[in-house]
Amino acid sequence: MSDHSWSPRSPGEALARFVGVPFDGQTYRNLAYLLLAFPLGIAYFTVVTTGLSTGLGLLVTFAGVPVVLLTLLVTLGIGSFERRLADWLLDVDVAAAPADVDLEFGSVEEALGTTKRILTAPTTWTGLVLVGLKFVYGVVAFTALVTAVALSATLISMPVFYDAPGVTYTLGPYVVDTLREAAAGAGLGVLLALVSLHVLNGVARFGGFLTDALLGGAARTAEDADA
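Using this note's numbering, the letters of the sequence shown map in sequence onto residues 60 to 286.
Treat the hints as calculated values from the structure; they're not laboratory data.
Accuracy of the hints is not assured; some may be wrong.
Label-pair distances were calculated between CB atoms; the ranges are [stated by the list, open to error]:
1. Asp146 / Ala223: 21 to 29 angstroms
2. Leu117 / Arg88: 17 to 25 angstroms
3. Lys175 / Val208: 17 to 25 angstroms
4. Thr179 / Pro125: 16 to 24 angstroms
5. Ser69 / Arg176: 53 to 61 angstroms
6. Thr113 / Arg76: 25 to 33 angstroms
7. Arg76 / Leu210: 46 to 54 angstroms
8. Leu250 / Leu117: 22 to 30 angstroms
9. Ile101 / Gly246: 31 to 39 angstroms
10. Phe77 / Arg176: 26 to 34 angstroms
11. Pro125 / Ala102: 17 to 25 angstroms
Ideal placement from N, C-alpha and C gives every residue a C-beta, glycine not left out.
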């Protein structure tokens with residue numbers, strides 16, 4: 060994992076790091092990760108909860124067993140994709156499971172063996188936890204991103220639109236009706252944008268930490284068990 064969280068050694072370096080966040084390519088990869096978290100979280104949660112609820116409801120018949128197993132396999136696939144996504148966008152190297160689950164259904168014994176491997180793979184269950192957390196994380200990340208962009212853009216655009224017909228800007232109890240006040244609002248917007256980018260970078264890094272803790276930790280546990 061690349062270190063994007065180095066500690067500055069002087070106030071000048073700290074200021075340069077603070078102001079330079081819009082010029083760091085990792086910032087935009089982090090934002091892409093946050094944007095994808097919302098639709099992916101909804102998709103994961105919908106597919107997995109639908110599959111499990113359907114399969115568990117049908118467990119009184121044999122039809123429920125393959126549905127549950129298929130859903131758990133999808134969960135393993137989600138975990139594998141999330142591991143790669145963290146690597147591509149966040150530069151987080153999440154430890155992979157020692158081996159993929161072998162799928163063999165040629166006989167009853169092979170089918171039972173496959174079922175056992177799916178149910179005993181640690182990433183099956185940590186993947187389920189990740190699906191639930193990804194849904195919450197995606198909603199929070201999307202809300203934070205949209206709020207930060209909307210507030211920053213509104214403030215930065217003050218000098219352009221503060222005197223436009225039908226447009227009224229207010230900062231707390233104050234109405235912005237002069238260019239000087241609008242310029243001050245724009246400066247506040249730039250500051251807010253810089254702070255927001257650092258906060259959003261932190262939110263993205265937390266997503267990488269979460270993925271590594273759940274999937275990488277499960278993979279390391281499996282490796283220790285095989286050792």
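Comparing the hints with the structure gives:
1. Asp146 / Ala223: 21 to 29 angstroms: Check failed, 46 angstroms falls outside 21 to 29 angstroms.
2. Leu117 / Arg88: 17 to 25 angstroms: violated (42 angstroms)
3. Lys175 / Val208: 17 to 25 angstroms: Roughly 48 angstroms apart at Cβ, these two residues miss the hinted range, so it is violated.
4. Thr179 / Pro125: 16 to 24 angstroms: holds (18 angstroms)
5. Ser69 / Arg176: 53 to 61 angstroms: Taking Cβ atoms as reference, Ser69 and Arg176 lie about 54 angstroms apart, which means the hint holds.
6. Thr113 / Arg76: 25 to 33 angstroms: About 50 angstroms separates the Cβ atoms of Thr113 and Arg76, which means 25 to 33 angstroms is violated.
7. Arg76 / Leu210: 46 to 54 angstroms: violated (23 angstroms)
8. Leu250 / Leu117: 22 to 30 angstroms: violated (56 angstroms)
9. Ile101 / Gly246: 31 to 39 angstroms: holds (37 angstroms)
10. Phe77 / Arg176: 26 to 34 angstroms: violated (49 angstroms)
11. Pro125 / Ala102: 17 to 25 angstroms: holds (22 angstroms)
The structure fails hints 1, 2, 3, 6, 7, 8 and 10 (numbered hints given earlier, in ascending order).
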